[in-house]
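Turn these sequences into a full structure, and let the hints steer you where they fit.
Protein chains: 2
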Amino acid sequence: MQPRTKQLYTNYTTLLQKAADINYASAVLGWDQEIYMPVKGAEYRSRQLATLASQAHELLTSDSYGTLLASLSSADGLTVREQCNVAKSLEDYAKAKMLPSAFVEELSKQTSLTFNAWVEARKMNDFSLFAGPLTNMIALKKQQAALYGYVEQPYDALLDDYEKGATVKMLDQVFAGIKEELPPILGKIKSAQQVGNDCFKQHFPKQQQWNFSIEVLTAMGFDFEAGRQDYSEHPFTTSFAPTDVRITTRVDEGNFASMLWSCIHEGGHGLYEQGLPEDQYGLPLGAATSLGIHESQSRLWENNVGRSAGFWSFFYPRLQKRFPGPLANVTAQDFIKAANKVEPSLIRTEADEVTYHFHVLIRYEIEKELITGQLSTSDLPARWNDLYAYYLGVRPKDDKTGVLQDVHWSHGMFGYFPTYTLGSFYAAQFFQQMQKDIPDLDNKIATGDLYPLLEWLRSSVHQYGRQYNSEELCKRITGQGLDPRFFIAYAKQKYGQVYGISEW
Amino acid sequence: MQPRTKQLYTNYTTLLQKAADINYASAVLGWDQEIYMPVKGAEYRSRQLATLASQAHELLTSDSYGTLLASLSSADGLTVREQCNVAKSLEDYAKAKMLPSAFVEELSKQTSLTFNAWVEARKMNDFSLFAGPLTNMIALKKQQAALYGYVEQPYDALLDDYEKGATVKMLDQVFAGIKEELPPILGKIKSAQQVGNDCFKQHFPKQQQWNFSIEVLTAMGFDFEAGRQDYSEHPFTTSFAPTDVRITTRVDEGNFASMLWSCIHEGGHGLYEQGLPEDQYGLPLGAATSLGIHESQSRLWENNVGRSAGFWSFFYPRLQKRFPGPLANVTAQDFIKAANKVEPSLIRTEADEVTYHFHVLIRYEIEKELITGQLSTSDLPARWNDLYAYYLGVRPKDDKTGVLQDVHWSHGMFGYFPTYTLGSFYAAQFFQQMQKDIPDLDNKIATGDLYPLLEWLRSSVHQYGRQYNSEELCKRITGQGLDPRFFIAYAKQKYGQVYGISEW
Chain A
27 MQPRTKQLYT
37 NYTTLLQKAA
47 DINYASAVLG
57 WDQEIYMPVK
67 GAEYRSRQLA
77 TLASQAHELL
87 TSDSYGTLLA
97 SLSSADGLTV
107 REQCNVAKSL
117 EDYAKAKMLP
127 SAFVEELSKQ
137 TSLTFNAWVE
147 ARKMNDFSLF
157 AGPLTNMIAL
167 KKQQAALYGY
177 VEQPYDALLD
187 DYEKGATVKM
197 LDQVFAGIKE
207 ELPPILGKIK
217 SAQQVGNDCF
227 KQHFPKQQQW
237 NFSIEVLTAM
247 GFDFEAGRQD
257 YSEHPFTTSF
267 APTDVRITTR
277 VDEGNFASML
287 WSCIHEGGHG
297 LYEQGLPEDQ
307 YGLPLGAATS
317 LGIHESQSRL
327 WENNVGRSAG
337 FWSFFYPRLQ
347 KRFPGPLANV
357 TAQDFIKAAN
367 KVEPSLIRTE
377 ADEVTYHFHV
387 LIRYEIEKEL
397 ITGQLSTSDL
407 PARWNDLYAY
417 YLGVRPKDDK
427 TGVLQDVHWS
437 HGMFGYFPTY
447 TLGSFYAAQF
457 FQQMQKDIPD
467 LDNKIATGDL
477 YPLLEWLRSS
487 VHQYGRQYNS
497 EELCKRITGQ
507 GLDPRFFIAY
517 AKQKYGQVYG
527 ISEW
Chain B
27 MQPRTKQLYT
37 NYTTLLQKAA
47 DINYASAVLG
57 WDQEIYMPVK
67 GAEYRSRQLA
77 TLASQAHELL
87 TSDSYGTLLA
97 SLSSADGLTV
107 REQCNVAKSL
117 EDYAKAKMLP
127 SAFVEELSKQ
137 TSLTFNAWVE
147 ARKMNDFSLF
157 AGPLTNMIAL
167 KKQQAALYGY
177 VEQPYDALLD
187 DYEKGATVKM
197 LDQVFAGIKE
207 ELPPILGKIK
217 SAQQVGNDCF
227 KQHFPKQQQW
237 NFSIEVLTAM
247 GFDFEAGRQD
257 YSEHPFTTSF
267 APTDVRITTR
277 VDEGNFASML
287 WSCIHEGGHG
297 LYEQGLPEDQ
307 YGLPLGAATS
317 LGIHESQSRL
327 WENNVGRSAG
337 FWSFFYPRLQ
347 KRFPGPLANV
357 TAQDFIKAAN
367 KVEPSLIRTE
377 ADEVTYHFHV
387 LIRYEIEKEL
397 ITGQLSTSDL
407 PARWNDLYAY
417 YLGVRPKDDK
427 TGVLQDVHWS
437 HGMFGYFPTY
447 TLGSFYAAQF
457 FQQMQKDIPD
467 LDNKIATGDL
477 YPLLEWLRSS
487 VHQYGRQYNS
497 EELCKRITGQ
507 GLDPRFFIAY
517 AKQKYGQVYG
527 ISEW
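Respectively, the protein sequence lines represent chains A and B. The numbering used here puts the first residue of the first sequence at 27, with every later residue one more than the last. The numbering used here puts the first residue of the second sequence at 27, with every later residue one more than the last.
Just so you know, these hints were derived from the structure itself, not from any lab. Please note that the accuracy of each hint is not assured.
From the structure, some residues in chain B lie toward chain A, with a derived Cβ separation under 10 Å [stated by the list, open to error]:
no. : residue
1   : 39
2   : 43
3   : 45
4   : 54
5   : 57
6   : 65
7   : 76
8   : 80
9   : 254
10  : 262
11  : 266
12  : 272
13  : 276
14  : 280
15  : 307
16  : 344
Glycine is no exception: its CB is placed at the ideal position from the N, C-alpha and C atoms.
Here is the structure:
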């Protein structure tokens with residue numbers, strides 16, 4: 027590298043890493059806020075977070091940074107990975123500059139208002155308290171889409187914030203697969219002999235649940251010297267560096283499933299964060315590539331691994347030892363069936379692997395309609411309820427178990443939901459590839475040897491950070507872009523076994 | 027206020043509060059670092075803290091801030107409290123500008139080196155590993171004193187960082203009182219019938235200790251909606267706003283004293299932080315006035331209140347109920363005696379209220395000698411041991427229980443130790459005044475009614491923030507500056523009772 031290029035690149039990393047320091051500091055404050063902060067601390071915590079955000083934003087939108095990036099993008103002598111960092115940073119910079127700071131401020135204020143209205147509306151079980159602020163939020167999101175610009179649809183511009191490169195065109199195709207393939211699968215499952223999951227709904231003491239969660243996370247390869255688990259109301263993962271990744275879980279003593287799936291799920295997110303390359307700290311190549319890929323990691327561990335027969339052939343005897351009371355008369359086979367029970371329901375976060383995607387589909391369709399203006403907020407609850415009745419055969423009795431259940435829209439996160447489904451589908455496609463790549467994978471899992479699986483994820487996904495976007499990564503790994511048929515095949519195989527369905 | 031002045035003052039508060047946001051964010055990171063951070067998180071946490079520090083420093087030393095302060099200091103129409111904020115900020119600004127950033131950086135690097143050397147030296151129980159880095163640190167502290175400037179002694183300039191206005195002249199006078207008055211008191215106690223403290227050294231289960239700590243803190247008035255307690259290896263207090271104050275405690279199941287005194291002590295610090303005026307957030311009047319006054323709050327609660335007969339006449343029956351096993355045959359009187367046992371020892375943090383001040387005196391004398399150059403680091407351990415033998419009649423057998431016991435010097439904190447003694451002395455003087463001001467105070471304490479006591483501290487000390495420095499505050503409250511005789515009188519009264527000494 028030429029001395030001048032070298033100096034420019036050093037200036038670039040210095041600035042980005044400084045911004046990362048500030049953003050990771052925000053993450054620490056956010057983590058504490060969710061888990062430990064006393065109630066009266068909220069007001070000042072908000073302003074501290076706002077100040078940190080503006081300090082980082084200032085660095086990342088400064089003209090001097092823009093000049094630096096311009097010089098670097100035409101400089102000679104950068105490695106491929108360095109060039110990639112610079113290119114991604116240029117994209118980020120251009121995008122950040124598209125939103126005037128007055129708009130960012132207005133959006134931030136509207137987010138507070140809309141979130142507070144959502145909390146209140148939810149408490150009162152009354153969507154009408156949320157409708158006005160949500161309407162204002164949607165207006166701002168339309169404005170944001172216009173500021174970003176788009177080729178085909180305003181919604182594309184919003185999607186890009188959560189899943190770079192995703193478009194309505196691509197998602198419509200993905201969801202077309204769901205609309206065509208999943209209903210008959212669900213239909214067959216419904217007419218088969220039903221399985222029970224009462225074994226989860228017994229008394230499982232908190233401390234023993236915690237101990238089992240640590241055992242599972244350790245087996246997954248989560249490094250407790252580079253992270254920790256805490257309790258929180260809503261499980262989440264956050265990172266302060268690849269060497270300090272925090273996951274949380276919740277424990278319901280009357281329902282073992284609550285801790286179990288959230289722990290493995292967040293563990294999957296946590297492993298991605300721990301696997302990001304440390305030498306790229308603060309740079310694009312040191313960050314996760316997209317929400318969809320992040321979700322592929324959590325769901326691969328939770329569903330493809332954690333709900334598999336192999337996984338429990340190793341862990342079930344261990345689990346039984348910890349809970350001899352509740353599990354004495356539950357066979358491993360019954361436990362696995364319970365873990366894979368399919369049942370249409372009203373609440374997304376409690377849904378099984380099949381019906382889950384209808385929950386996402388409903389939100390996706392509604393978001394598109396809200397952003398185009400086809401649907402007004404006043405008609406939203408009715409539309410919601412109709413779609414639930416149509417796709418899942420269940421109709422919410424009130425707003426709380428219907429349209430008010432998710433926090434996302436109150437935060438203005440339009441375009442986020444589809445990443446959940448993308449995650450499942452990428453997971454199925456990756457897992458199938460992994461089974462090809464790792465000889466004897468199923469047996470390894472069945473003996474508790476999860477290390478080869480983690481190594482595969484490290485070398486196929488984690489190590490690259492943002493070097494490849496979701497679709498590029500998928501092509502590198504599996505030789506083709508996202509194809510929902512992998513998920514459909516996986517579902518048929520699994521539920522064929524669970525429900526004794528031999529022909530689909 | 028004139029519109030222009032008003033605008034200037036608003037700009038001033040905006041800037042200071044932004045810096046406060048960043049510094050409080052650092053405090054959150056520091057809190058997590060001590061309590062929850064996994065071991066591998068240390069490296070990136072350091073750099074995140076360094077970045078936040080430099081962001082705040084940049085704001086607080088910017089030329090535009092200097093100009094703003096200059097305009098405000100000559101502006102008309104500010105209230106007395108506003109003027110006071112501006113005046114204190116001018117002092118802070120001038121002081122911050124005295125250290126060139128190259129020097130600050132060097133000091134920060136040397137601090138890391140010296141701290142690491144101290145950790146290693148302590149582990150190896152070998153002062154020689156610490157001597158070199160400490161010598162370099164002392165050289166930098168001399169340089170710092172020269173940069174700050176001073177009238178009489180370089181050490182005065184360093185003291186000012188921890189206790190504004192304190193000087194060698196003033197401290198020599200304070201410690202002269204100790205050197206004259208305390209040895210005969212200690213002598214009489216030594217020749218009296220000794221008291222035992224074995225009652226503390228039984229098995230006290232962790233959770234019950236914790237529960238008792240919450241009971242005591244609640245009675246003290248600590249607001250758990252505006253703060254919390256956690257476990258940590260070394261108890262400490264930190265604040266993220268007056269509405270979010272964190273204290274920590276440690277529990278030794280084999281020694282109840284460890285949790286008990288640290289909990290009440292940190293509770294006292296925490297109450298000061300919770301009592302600071304919220305409307306002065308980020309401004310000088312929203313911050314504690316000095317380390318000495320902070321320590322007066324913790325020590326007043328810990329010693330003057332927490333080790334008093336009245337306090338335990340209320341709490342001891344409650345304590346006995348929680349620990350019926352260990353305390354069944356311990357009378358309240360024996361318990362109070364145990365809480366006030368005096369015994370010369372090697373470790374400062376475990377010392378009683380009388381011998382404690384010799385520990386501080388020894389460090390104070392050594393610091394003065396190191397800064398003047400009278401004492402070289404190579405002679406330091408011998409000097410330390412000789413002073414322990416001289417003042418306390420005990421001689422450390424090794425460096426770990428001697429010169430390497432405290433972290434302060436490794437952090438370059440020369441001038442910090444005296445504030446511990448100042449804290450005790452201010453506490454004694456304040457408490458005597460409080461007894462005059464609150465009719466029937468002792469009886470109130472004896473019935474567990476600690477609220478009047480807290481209210482007195484709130485209105486006499488907490489509400490002012492930095493409006494008055496230590497000595498000004500002391501004069502306002504007690505009508506005179508610090509006078510060690512209040513402490514001596516308090517000690518004679520207390521130990522007269524504990525040791526049955528009727529004549530001093």
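Status of the hints after comparison with the structure:
1. The interface hint given for residue 39/B is violated, since its Cβ lies 12 Å from the closest Cβ of chain A, which is over the 10 Å cut-off.
2. With its C-beta approaching chain A no nearer than about 8 Å, residue 43/B sits inside the 10 Å limit, and its interface hint holds.
3. For residue 45/B, the suggested interface contact is upheld, since its CB lies about 9 Å from the closest CB of chain A, less than 10 Å.
4. Given hint, residue 54/B at the interface with chain A, holds; its Cβ is 5 Å from that chain's nearest Cβ, closer than 10 Å.
5. At a threshold of 10 Å, the smallest CB-CB gap from residue 57/B to chain A is about 8 Å, leaving the interface hint in force.
6. With its C-beta approaching chain A no nearer than about 5 Å, residue 65/B sits inside the 10 Å limit, and its interface hint holds.
7. The beta carbon of residue 76/B comes within 8 Å of a beta carbon in chain A, closer than 10 Å, and the hint placing it at the interface holds.
8. For residue 80/B, the interface hint holds, the least distance from its beta-carbon to any beta-carbon of chain A being 8 Å, beneath 10 Å.
9. Checking residue 254/B against chain A by beta carbon gives a least distance of about 5 Å; that is within 10 Å, so the hint holds.
10. Given hint, residue 262/B at the interface with chain A, is violated; its Cβ is 16 Å from that chain's nearest Cβ, farther than 10 Å.
11. A least Cβ separation of about 6 Å between residue 266/B and chain A falls short of the 10 Å threshold, and the interface hint therefore holds.
12. The interface hint given for residue 272/B is met, as the beta carbon of that residue sits about 8 Å from the closest beta carbon of chain A, less than 10 Å.
13. Among the interface hints, the one on residue 276/B is violated; its C-beta lies about 18 Å from the nearest C-beta in chain A, farther than the 10 Å criterion.
14. With 10 Å as the threshold, the beta carbon of residue 280/B stays out of range of chain A, its nearest partner Cβ sitting at about 23 Å, so the hint is violated.
15. The closest approach between the C-beta of residue 307/B and any C-beta of chain A is roughly 7 Å, which is under the 10 Å cut-off, so the hint is satisfied.
16. Annotation: residue 344/B was flagged as interfacial toward chain A, and the flag is violated, the nearest CB pair being 25 Å apart, outside 10 Å.
When the structure is compared with the earlier hints, violations turn up for hints 1, 10, 13, 14, 16 and for no others.
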